[in-house]
Each structure stands twice: as structure tokens, then as C-alpha cells.
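**Q** Chain residues, written in single-letter form:
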Amino acid sequence: MTRLASLPGIAPLMACAALLAVWELAARAIGIDGLPPASQALAQVPVILGDPEALLNIADSLRRMATGFALALCVAIPIGLTMGRSRQVAAFFNPLLMVIYPVPKAALMPIIMLWLGIGDASKTLVIFLGVSLPIVYHSYQGSRAVEEKILWSAAAMGMGPSARLARIVLPAALPEILVGCRTGLVLALITMVTSEMIARQTGIGNILFNSLDMAQYDTVYAMIVIIGVLGYTLDVAFEGLRSRLVGWAAPAHDIVAGTT
Amino acid sequence: MTGRATPLADVLVGLVPIALIVGLWQLLASTGVAPPSLLPAPGAVFARLVEQLGSPTYLQHTATTLFRLFAGFGIAMVIGVTLGVAAMGLRAVEAGLMPLVRVLAPVPKIALYPAFILTLGFENASKIALVVADAAFPILLATYQGASAVEPKLAWAAQAVGVSRLRCLFTVVLPAALPSVLTGCRIALVISCIVVFLAEMITSTDGLGHLLVRAARSFQTVDMFVPLITISLLGLGLNAGFNALRRRLLIGFPEEK
Chain A
1 MTRLASLPGI APLMACAALL AVWELAARAI GIDGLPPASQ ALAQVPVILG DPEALLNIAD
61 SLRRMATGFA LALCVAIPIG LTMGRSRQVA AFFNPLLMVI YPVPKAALMP IIMLWLGIGD
121 ASKTLVIFLG VSLPIVYHSY QGSRAVEEKI LWSAAAMGMG PSARLARIVL PAALPEILVG
181 CRTGLVLALI TMVTSEMIAR QTGIGNILFN SLDMAQYDTV YAMIVIIGVL GYTLDVAFEG
241 LRSRLVGWAA PAHDIVAGTT
Chain B
1 MTGRATPLAD VLVGLVPIAL IVGLWQLLAS TGVAPPSLLP APGAVFARLV EQLGSPTYLQ
61 HTATTLFRLF AGFGIAMVIG VTLGVAAMGL RAVEAGLMPL VRVLAPVPKI ALYPAFILTL
121 GFENASKIAL VVADAAFPIL LATYQGASAV EPKLAWAAQA VGVSRLRCLF TVVLPAALPS
181 VLTGCRIALV ISCIVVFLAE MITSTDGLGH LLVRAARSFQ TVDMFVPLIT ISLLGLGLNA
241 GFNALRRRLL IGFPEEK
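Chains A and B, in that order, give the protein sequences. Following the numbering used here, the numbering of the first sequence begins with 1 at its first residue and continues without gaps. Following the numbering used here, the numbering of the second sequence begins with 1 at its first residue and continues without gaps.
The set of hints was computed from the structure by calculation and includes no laboratory data. Ideal placement from N, C-alpha and C gives every residue a C-beta, glycine not left out. Please note: incorrect hints may appear among the correct ones.
Unchecked claim - A partial selection of chain B residues facing chain A, derived with a Cβ cut-off under 10 Å:
1) L39
2) P42
3) L49
4) V50
5) E51
6) V107
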């Protein structure tokens with residue numbers, strides 16, 4: 001059942017079709033300008049994807065997202081792994097992470113904009129902050145669960161501490177790290193859209209809200225569909241990558257809930 | 001995280017990075033590297049926070065935010081728990097619901113906000129709807145996963161003595177899945193906090209998020225920090241409060257790993 005649903009197979013397609021049908025019917029029944037029928041909104045999708053300026057905006061967004069995500073990987077995984085292996089490091093970082101956890105990262109946008117300007121730097125930084133936390137947390141959990149005996153054997157065979165971290169802890173914790181990365185990927189998309197909604201200049205969030213302001217409701221809904229498809233596709237693609245990399249580990253959860 | 005008390009030394013070590021950050025902040029502000037218009041001194045921010053927490057207007061905005069938060073969280077809890085348990089117990093619901101959840105869970109819900117504005121208006125309803133959309137999924141998934149892990153013998157025993165399937169779901173399976181359900185709710189509570197604030201920042205005329213945006217437009221840097229700190233403290237407080245509640249409710253449950 002759940003295996004079927006986790007594949008990009010028939011069940012998700014039917015779910016999408018059902019959603020679109022409900023939307024279409026609801027729009028026709030309610031009949032307000034603010035809710036155009038699905039068919040009308042979907043007709044706008046090829047128009048947006050054919051517009052070079054819109055594509056440039058989307059590419060801008062994706063570039064920022066990729067940069068923020070890559071930076072977070074480089075910083076968060078080493079921190080998480082060391083936290084899991086050393087109680088002192090864990091005690092050092094844990095309270096800080098706990099305090100940062102409930103801060104709405106995208107809400108830092110106006111403050112960071114004062115320092116770094118409205119451009120790429122501040123948005124990338126916000127995405128980086130948003131993505132780092134789940135990756136640190138899951139790397140920490142993964143590295144904590146590594147079998148001690150393997151590490152002792154490696155140490156006995158003369159492997160240094162940093163080599164042990166890179167060659168034993170990292171691969172052993174990889175399934176858990178990838179769970180964190182998957183949450184992080186969804187979060188990166190959320191933070192990206194939110195930061196662009198708050199600081200409108202370029203990007204997907206900007207198109208969305210500009211068309212809302214200009215009462216181009218079909219475009220608004222078409223953009224929502226595009227963002228939704230993007231989120232789902234990224235998640236499915238990442239799940240594919242995950243099962244190729246760590247097919248030996250049991251999948252933790254089929255579904256990841258996007259959090260802010 | 002773990003039940004055992006953390007040694008005092010660990011607590012002190014944990015305070016170091018926080019002290020370092022505040023210290024660096026103070027240093028940047030007092031040496032004049034960062035002008036107060038860009039980075040006000042921590043003392044000034046906390047003084048303003050205390051002042052604002054005594055002001056009725058500020059508390060009014062906080063109350064508005066809290067109302068939206070709890071309304072959204074409450075609805076999400078009812079929807080999430082009901083659907084989660086139903087998906088566990090009834091094959092038809094599971095077959096219909098889980099693919100839908102699979103598709104919708106990784107979608108950034110904040111992107112739906114314009115649609116909520118257009119259909120529900122600028123007032124409370126659209127913000128509450130956004131909170132529901134964001135908070136319902138973690139609760140639903142936690143309930144579903146928790147209920148799936150419940151020992152089936154418990155349910156069989158109840159059904160053997162004549163309890164109906166539906167009643168069994170809510171009187172046997174749901175209580176047995178309570179630890180997982182409450183964990184989902186705690187995560188959703190912090191998410192609600194964040195989402196309501198972001199929604200208020202994007203379009204609103206009241207609430208804490210609006211106060212931040214208003215301060216940003218007039219370059220009142222100190223006033224930008226205050227709502228952000230307030231919502232973070234609210235999130236921390238709600239998280240801690242919910243944890244305490246969870247521990248009380250779970251007295252007698254086997255210790256979690």
C-alpha cells in the first residue's frame with residue numbers, strides 16, 4: 001500500500017486528478033473571481049513557462065535555493081557528526097539549536113536585508129539558516145547511533161579521529177543524514193518562496209505576489225501549481241537518490257511533512 | 001530529549017555559544033562597527049522588549065497573533081488526529097487519503113496563502129487556514145505512524161469483547177498511539193507559531209508579524225527585533241509548556257527510546 005504510494009506511480013496521479021476535479025467543481029459552484037476554475041488556471045502554466053522573464057525569475061530562485069542548500073550541507077553535516085561523537089560538542093551546541101529552533105527564519109529577512117542588501121546574499125543566507133537545523137539534528141542522531149565497536153576497531157588499526165569521522169561515521173550515519181536533507185530540501189523551497197514574498201524583487205514568490213496585486217488571478221493559481229509541482233518533484237527525485245545511495249537501509253518514513 | 005538530568009557542567013558549556021553571540025553583538029554595537037540604525041545594542045532591544053510587554057497596544061497585537069495561532073492549531077489537531085486514525089482503521093480512507101497526503105505534504109503551504117487571501121479575505125480566516133494547512137500534516141502523519149505501530153492484539157482483544165471497529169479506533173488505538181500523536185502536535189505547535197508570524201508579515205494590518213514589517217518600513221531597527229524575539233519566546237514557551245503537558249499525560253506509558 002504505502003510502497004505503491006511512495007513510487008511516482010498511479011496513486012499520486014489519481015490524487016492529483018481528484019484534487020483538480022474538486023477545484024474545478026468548487027470554482028464553478030462558487031463562481032467568484034478569486035477562484036478561477038482549474039482548467040483556466042492550468043492554461044496559464046504554459047504561458048508562464050514560455051515567458052523568458054518568468055523563467056529567468058524561476059532560475060534565480062532555484063540558484064539561490066541550491067546555493068543555500070549546498071552551504072548548509074557543508075556546515076551542518078560536520079557539526080552534526082561531531083556532536084554525535086563528542087558529548088562536549090553536543091552540550092556546546094544543543095542549547096543554541098534549541099533557542100534558534102522556534103525563530104521564524106524567513107522573518108529574519110527584513111533585518112538581514114539591512115546588513116546585506118536586498119540581493120542574493122540575504123536570501124541565500126536565510127535559506128541556509130532554514131535548512132541547516134534539520135540537517136544538523138538528523139546528522140547528530142545518525143552519528144550518535146553508530147556502533148562503538150566499529151570505531152574502536154578502526155582506532156586499533158591506527159585510523160585517526162578525522163579519518164574515522166569521514167570514513168566510518170559519515171557512511172554509517174548517511175541514511176539518517178539523508179532524512180534530514182530531505183526535510184531540508186522541502187524547507188529550502190518554503191524559505192525561498194517566503195523570503196521572496198517578504199522581500200519582493202525577483203523570483204517565484206515575487207511573480208506570485210505581483211500577479212496577486214495586479215489581479216491576474218489565473219497567473220496566481222498557475223504559479224501555485226508550479227510551486228506545488230516543484231516541491232513534489234524535488235521530493236520524489238530526492239527519494240529516488242536516497243534509495244539508490246542507501247538502498248541497504250530501511251526507509252524511515254514514506255512522507256515528509258514540510259515545516260517552516 | 002533524554003529523561004536523565006543534564007550535569008551542571010553541560011548546562012554551563014551550552015551557555016557559552018549563546019553568551020558569545022550576545023557578547024559579539026554587544027561588541028559590534030558598542031565599538032560602533034555597526035551603527036545603531038543597523039544593529040541596536042542588545043541592552044536597548046531588551047529594554048524595549050520589556051517596555052513593549054507592558055504596553056496594552058503591543059499586548060493586543062500579541063493576543064491577535066495568539067488567537068490565530070490557537071484557532072489554526074486547534075482545527076489542525078482535530079483534522080489531523082481524526083484523519084490519521086481513520087486512515088489507520090479504514091482501508092477505504094487509507095487508500096484515498098494517503099496518496100493525497102503523499103502529494104500535498106512536500107508542497108510549500110505558504111504558496112497557498114495567496115489563494116486563501118483570494119477566497120477567504122484579508123482577515124483572520126485566511127491566516128487561520130494557512131496555519132491549518134501547515135500544522136495538519138505533521139499531526140496527521142504522526143497519528144498515522146503512531147497508530148500503525150500499536151500492538152494489533154490490543155485492538156483484537158477489544159473487538160473480541162464486542163467493541164465496534166470505529167469505537168475501538170478512538171478508545172483503544174488512539175490512546176495507545178498518544179505518545180506519537182503528542183510529538184506530532186508539539187512539532188505542529190511550533191510550526192503554527194512560525195507560520196502565523198510569516199502570514200502576518202506578508203499581508204496584515206495587525207499582529208506581531210505586522211509590527212515587524214511596519215518597523216522595517218520606518219527603519220525602527222529596535223522595533224524590528226522586539227516582535228521577532230517575542231514570537232521566538234512564545235514558540236519556546238509553548239514548546240516547553242506542551243512538553244510538560246505531554247509528560248503529565250504520558251505518566252504510565254513506557255519510556256521512549
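**Q** Hints first: check each against the structure and report whether it holds.
**A** Hint check:
Given the 10 Å rule on beta carbons, the hint for B/L39 holds: about 8 Å separates it from the nearest Cβ of chain A. For the restraint placing B/P42 at the interface with chain A, the shortest Cβ-Cβ distance is roughly 14 Å, beyond the 10 Å limit, so the hint is violated. For B/L49, the interface hint is violated, since its Cβ never comes within 10 Å of a Cβ in chain A; the closest pair sits about 15 Å apart. The closest approach between the C-beta of B/V50 and any C-beta of chain A is roughly 19 Å, which is over the 10 Å cut-off, so the hint fails.
A hinted interface residue such as B/E51 counts as satisfied when its beta carbon comes closer than 10 Å to some beta carbon of chain A; here the least separation is about 20 Å, so the hint is violated. Interface restraint check: B/V107 against chain A, minimum CB-CB distance 4 Å, threshold 10 Å, status holds.
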